[in-house]
Amino acid sequence: SQELEQSPQSLIVQEGKNLTINCTSSKTLYGLYWYKQKYGEGLIFLMMLQKGGEEKSHEKITAKLDEKKQQSSLHITASQPSHAGIYLCGADIGGNKLVFGAGTILRVKS
Amino acid sequence: NAGVTQTPKFRVLKTGQSMTLLCAQDMNHEYMYWYRQDPGMGLRLIHYSVGEGTTAKGEVPDGYNVSRLKKQNFLLGLESAAPSQTSVYFCASSYPHDEQYFGPGTRLTVT
Numbered sequence: 001s002q003e004l005e006q007s008p009q010s011l012i013v014q015e016g017k018n019l020t021i022n023c024t025s026s027k028t029l030y031g032l033y034w035y036k037q038k039y040g041e042g043l044i045f046l047m048m049l050q051k052g053g054e055e056k057s058h059e060k061i062t063a064k065l066d067e068k069k070q071q072s073s074l075h076i077t078a079s080q081p082s083h084a085g086i087y088l089c090g091a092d093i094g095g096n097k098l099v100f101g102a103g104t105i106l107r108v109k110s
Numbered sequence: 001n002a003g004v005t006q007t008p009k010f011r012v013l014k015t016g017q018s019m020t021l022l023c024a025q026d027m028n029h030e031y032m033y034w035y036r037q038d039p040g041m042g043l044r045l046i047h048y049s050v051g052e053g054t055t056a057k058g059e060v061p062d063g064y065n066v067s068r069l070k071k072q073n074f075l076l077g078l079e080s081a082a083p084s085q086t087s088v089y090f091c092a093s094s095y096p097h098d099e100q101y102f103g104p105g106t107r108l109t110v111t
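Taken in sequence, the protein lines are chains A and B. Just so we're aligned: the first sequence equals residues 1 to 110 in the numbering used here. Just so we're aligned: the second sequence equals residues 1 to 111 in the numbering used here.
If you are wondering where the hints come from, they were derived from the structure by calculation, not from laboratory data.
Anything over 10 Å on all C-beta distances counts as not near chain B; from chain A, calculated:
1. 7
2. 8
3. 12
4. 13
5. 17
6. 19
7. 52
8. 53
9. 54
10. 57
11. 61
12. 83
Mimicking SDA-like on lysine to any residue, the simulated pairs with C-alpha atoms at most 25 Å apart in a straight line are:
13. 36(A) x 9(B)
14. 70(B) x 44(B)
15. 9(B) x 44(A)
16. 64(A) x 96(B)
17. 38(A) x 1(B)
18. 57(B) x 3(A)
19. 57(B) x 29(B)
20. 36(A) x 97(B)
21. 69(A) x 45(A)
22. 57(B) x 5(A)
23. 36(A) x 27(B)
24. 9(B) x 77(B)
25. 36(A) x 10(B)
Which residues of chain B face chain A? A partial, calculated answer using Cβ under 10 Å:
26. 4
27. 31
28. 39
29. 42
30. 43
31. 95
32. 102
33. 104
34. 105
Just so we're clear, the structure is a prediction, and the values are computed from it rather than from any experiment. Think of the CB as a built atom: it goes at the ideal place given N, C-alpha and C, for glycine as much as any other residue.
Kindly generate the complete structure, drawing on both the sequences and the hints.
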C-alpha cells in the first residue's frame, strides 16, 4: 500500500519567516493534493499536482512535485498568523481515493 | 450553496449502542467518502461511493456500514459502537479526478 510521510510533524515559526513542509511517498505519485485544516474544522483544498516538476502557487503558498514524482514540498513565504493550522498531503491511489499523511502542525508566533 | 454538511456535530455513545451519521452535499458530486481522523494518523478512508446505489470498502471498513440511496446523501452507520471508534469523522465529496470537498466533521466519543 502507498504510504505518505510528512515532515516535520510540527513547526513553530516567527511571523514573517519562510517555511517548508515535505511529503514523501513510498511509490510514484499520480496525483498529490495539499489541504489545510484549522483546529476543529474540516479540510480546505489548497492545490493539486500531477506532473513531475510541476509547481503551483496561490498567494504566499507554493507547492512543488519533484521530477521523480515521489516527493512534494509546500513552501510558505512570509508566514502570517492566518497560516497556522494543520497541513496534510494526500495521494491519489486510484479511483479518486486518497491516502493521507499524518499532517504537519504549524504555529505562527506574532 | 451549503457545500458538504454533516450531522450531528458531536455525539457521545455508550459501548454497544448504534448510530447513523448523515452527510449531505449540494454540488451534484458523483463520489462521496467517509474518513476518520485520529491523532498522529492523518485521515483514513472507511467507505466510499462512486454513485447512487453503490458503495465500496476503504482502508478501515470494519465495524461500519454505509448506504447511498440518494446521490446527495451518504450515511455512515455504527451497529455496535466500540471505544476504538472514538474519533473525528469527516465526509467528503468530489467529481471524478477532482479535489475532494470536506464537511466540518463529527466528533464521536464512545465510552
